[in-house]
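Trainee: All chains should be modelled from the sequences, with the hints used to inform the complete structure.
There are 2 protein chains.
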Amino acid sequence: MKIYKTEVKHGENLLTWLRKKGYSLPSPCGGKGVCGKCRVRVLEGENALSMPYPGLRGISLDEWEIGWRLACKTMLNEELKIEIPDSWNEEANIMTDGDYEVALQPCVRKVYLELPKPTTKDQTSDFDRLKMVLGDVEILDLELLRSLAQLLKENTYKVTAVLHGNTVIALEGGDTTDMLYGAAVDIGTTTIAGTLIDLNSGDEIGIYTSLNPQKTFGDDVISRITHTIEYKKGLQELQKLLLDELNKMTDYFESQFGISAENIYHINLVGNTVMIHLFAGMPVENIACSPFNPVTTHLPTIQAKELGIKTNPNAAITSLPMIAGYIGADTVSCILATNMLENSGYSLLIDIGTNGEIVLGNKDGLLSCAAAAGPALEGAHIQCGIGGVRGAINKIDITPNGLSFTTIGNKPAIGICGSGIVDMVAQMLDSGVIDSFGRMVTREEAQDKLPSDLASRISVYNGSPSFVIANEGEKAAKQIFITQKDVREIQLAKAAIAAGIQILMEEMNINYDDIEKVYLAGGFGNYINQYHAMRIGLLPAECKGKIISIGNAALTGAKMVIKSGGFMEAAEKIRKATGYVELSNKAGFQEVFVDNMEFK
Amino acid sequence: MKIYKTEVKHGENLLTWLRKKGYSLPSPCGGKGVCGKCRVRVLEGENALSMPYPGLRGISLDEWEIGWRLACKTMLNEELKIEIPDSWNEEANIMTDGDYEVALQPCVRKVYLELPKPTTKDQTSDFDRLKMVLGDVEILDLELLRSLAQLLKENTYKVTAVLHGNTVIALEGGDTTDMLYGAAVDIGTTTIAGTLIDLNSGDEIGIYTSLNPQKTFGDDVISRITHTIEYKKGLQELQKLLLDELNKMTDYFESQFGISAENIYHINLVGNTVMIHLFAGMPVENIACSPFNPVTTHLPTIQAKELGIKTNPNAAITSLPMIAGYIGADTVSCILATNMLENSGYSLLIDIGTNGEIVLGNKDGLLSCAAAAGPALEGAHIQCGIGGVRGAINKIDITPNGLSFTTIGNKPAIGICGSGIVDMVAQMLDSGVIDSFGRMVTREEAQDKLPSDLASRISVYNGSPSFVIANEGEKAAKQIFITQKDVREIQLAKAAIAAGIQILMEEMNINYDDIEKVYLAGGFGNYINQYHAMRIGLLPAECKGKIISIGNAALTGAKMVIKSGGFMEAAEKIRKATGYVELSNKAGFQEVFVDNMEFK
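Same order as they appear, the protein sequences are chains P and Y. Sequential numbering from 8 applies to the first sequence in the working numbering. Sequential numbering from 8 applies to the second sequence in the working numbering.
In case anyone wonders, no lab produced these hints; they're calculated from the structure. Some clues are possibly wrong.
Copies of the same chain are indistinguishable here, so a pair counts whether it falls within one copy or spans any two.
[Said to hold, decoys possible] Calculated pairs, BS3-like style, for lysine-lysine (alpha carbon to alpha carbon, straight line, at most 30 Å):
id, residue 1, residue 2
1, LYS524, LYS12
2, LYS128, LYS160
3, LYS138, LYS370
4, LYS312, LYS138
Mentor: Below, the structure is given as structure tokens:
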């Protein structure tokens, strides 16, 4: 329970006032007084307390009599003492599209100014003239200061100031306050996703997605790092690819939604530590070899023009903080989006991407580790593996009578993606195609042990057994099969994740029963069959019923910061509260890892 | 009386500790325990209080027994509660070479770091590794951040950090703490002076002086502004001249004193508002015409490399704040050096340069105005006028028996400089060569009224009387004389100053009796005969005995800031406390001005 005293604000309603104070509170109906969710209790306030009961959804007559009101229908014509339900705070940081709103307090804002013209009696300097209205702000950019006098004169002292925190980053003639945009960008090793956000309304206008153009230099971060070590200009080359991609993004926003890049004033980035370093042109070679330490865990705020990014030249480029060489801004962002540092119950976060990041803890602190899961779950290093593209087999169903599958876009199969592989391995296990050690039956063994349809699918690849999912022509563009080696890859990946979870639990001295929620981040989590993932031990079976897929939570966190600057501080709090466990350094890790190779 | 609790610091003495806390305290002997000035009273501290009396200068046995000690001889091996005499605070802001020291707390400082190398158990990022020792500092320069990893590795994690406030501006391999320099620079319309300061000792190593290279575009600020209006690249041209001159200065420091420009990390500038604007490349055209408002009264901190200044590329370039278009950072600096805002008695500051700035007030507030005195007192617009160069007549003595003069450098006279002109006009007045309205006697009138030597010196120039000081060959390289028009120029100049003083006194509702001190700033003040200046009404005769010549106080203030960053805040306090009176706008100013044309 939080108790507040409002200042008297004639005419404003309490919901608006609370939002300005940074409270993110439920209001699905948008303040129309019909959803009954923005409940507060008025403790002091004569007019508010003496109002007759109007018959409101969400508040009973009994509740009304002890002061419960809807914030959206309570006007601030007097000073109120109010009580705010605890739940608001918890809900404040969870962004579940639609249900709750993030208080709109962007890091960048615009203020339209109609300044008094100078006279001989008022020789206030041009910049001090701005400060008369804006308070004690700074202009750090000399070019901006140099252009100030002319801009004011040409626009008869009517200008719009763009502020990032306390710094004036741009000035525009006339009233341009209706054009204020920001973008949240997740730079993944494999894919890049950016959301354009209208900072006046909080609306997400559109999203841009692309493959990370660095992919030509290798699938994983190690191969990218290697490129910077082997080629003198490798670092600049990889950096330029990212910068060019961001410029393609703003071009796309301009052509698709008619939003001028000039009016984008803030880009907030998340990504793993290597991606953020490459973006800023910082060397990454130390991250590749022990002791893996990065240059920094904080990117300074960068002016867009310094990197040649085609937004407003003085746009602020920021990044969420990072934790270690292999726990990046994307993980911090996921933690932010799940709010797990604010809950008293324990949460487990599993982000399965090209690498696997695991975080465990509660409001008393978090521990993180990076599991070398490898890219098998993204379809890489799998014989017929493929990313989540059209034609990828994404769901497989094996019954004694046979095997059926679906593909993305309902196209003829060209390969198998992560969710399909998980389905496959789980059902191979259940049907006896592989044993608990992952060993696949031979053709001969299959004749005895398997139903005929399954037995007929056992083949040989490179001297080991393989399992045919589809032959060319059977809804497939080519033969698709799973090899013994593929099963081993999945075993390595799932053992790495499971061992990571186990080590973190040991460090925190808790067990599965203590874990209230398991957040599964990444695109993978949206498509995977959770029961199959539990069957193969990729997700802990002990947490059945507690698993929540949160999609691209890294991007969600990045958007939260774009919309409400206070989340940047929350992110810093997360960084400070999150410890890092280096698994390779952990006594007993190898044993735990090997233990988890088995399917239990 | 101020009471402090010290933290326990093994081995450090109290004097050092107090200095680190920002206390500027008297210690003429440099902490050797012999001058007896750094007296403090220990209130709590067992060891310190139980020490036997050693017989000390400055502390009697009685005083010793009630706890008086010398800070320089009191070791911090225990927590002390101490009392500091009030007088220390007041003395802190006055810089009177030798007697008291400015607490050496430069805006830039160096810290030598021997950092632990990263291990798999300590994967702290390179930058966070710095922060472990330096606290919550920032690196804003991307280039610096990019070079960090390599620098640390190459120097086995032994590096020196250079800090400006909270920002790391440079990093150097090994221990370079003994090389830390700054420069204070006064950019005058006519001359430039810069002092190189060792920031480890506070020693002023040397001074560089030159003419302002912009002089070829005119003697006064108006002609410089006109150049920027008439020529498209005029502003950049004038800026470049100043930047080039600063680079000549650092070259000079390097060749003359062996101090590498790389090791200069801070340049603090003062100058009039036009000079500071031109230095930063900011337009000045508004300052030339009503309402005279400048672009800004604050320069942001600029990185040297942004302007191409040859110091350390990340050196901080700062300026003291300005007050108005015609009251600049130089005036703020003079106020800082005189400490006039801290005194309860009224002080009057007169800075006579190419323009005349006047400030009046006390600790309750200051008022300033700019008097259009013109450059006559610098020898310009005077027929035989010349600056204070070798061969300039600087002192003149007229007796009934004749006239004698001295020249700078004892060279044959080539002209007459400001102090000579003041001598001349005062004595022409006393001897009856001019009357109280400034009218010069004709040759005919002279025959009757003047002693024969003086009468013989009256000649005619351009149809009006003139007075010959020396003919060619009489210790002079050419004939030197004063014209009727020259006298009128001096009358205009002195009337402008006197009217300015009078208007400020009227605004503050005080009179000459209320003024305790008159500070005369500028090179001019050092050489002028004060009695002659009072005779002609250039300085108020009512303030006889109260006039203090403070030389280049603008440079003194700039040096104070270089040595002790706290003075920057004091300068900002001055800026806020100093009002500006636009004389041209003042009802009654013309009457006061004309009244003061007469010699009284």
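Trainee: Now tell me, hint by hint, if it's right for this structure.
Mentor: Results for each hint:
In the homo-oligomer, the alpha carbons of LYS524 and LYS12 never lie at most 30 Å apart, since the shortest distance is 35 Å inside one protomer and 50 Å across protomers. Taking CA atoms no more than 30 Å apart as the test, LYS128 paired with LYS160 passes inside one copy only; the shortest distance there is 18 Å, against 60 Å between copies. Taking the shortest Cα distances, LYS138 and LYS370 sit within 30 Å of each other only across copies (25 Å), while inside one copy they are farther apart (41 Å). Taking the shortest alpha-carbon separations for LYS312 and LYS138, both the intra-copy value of 25 Å and the inter-copy value of 28 Å come in at or below 30 Å.
In the structure shown, a violation is registered for the earlier hint numbered 1 alone.
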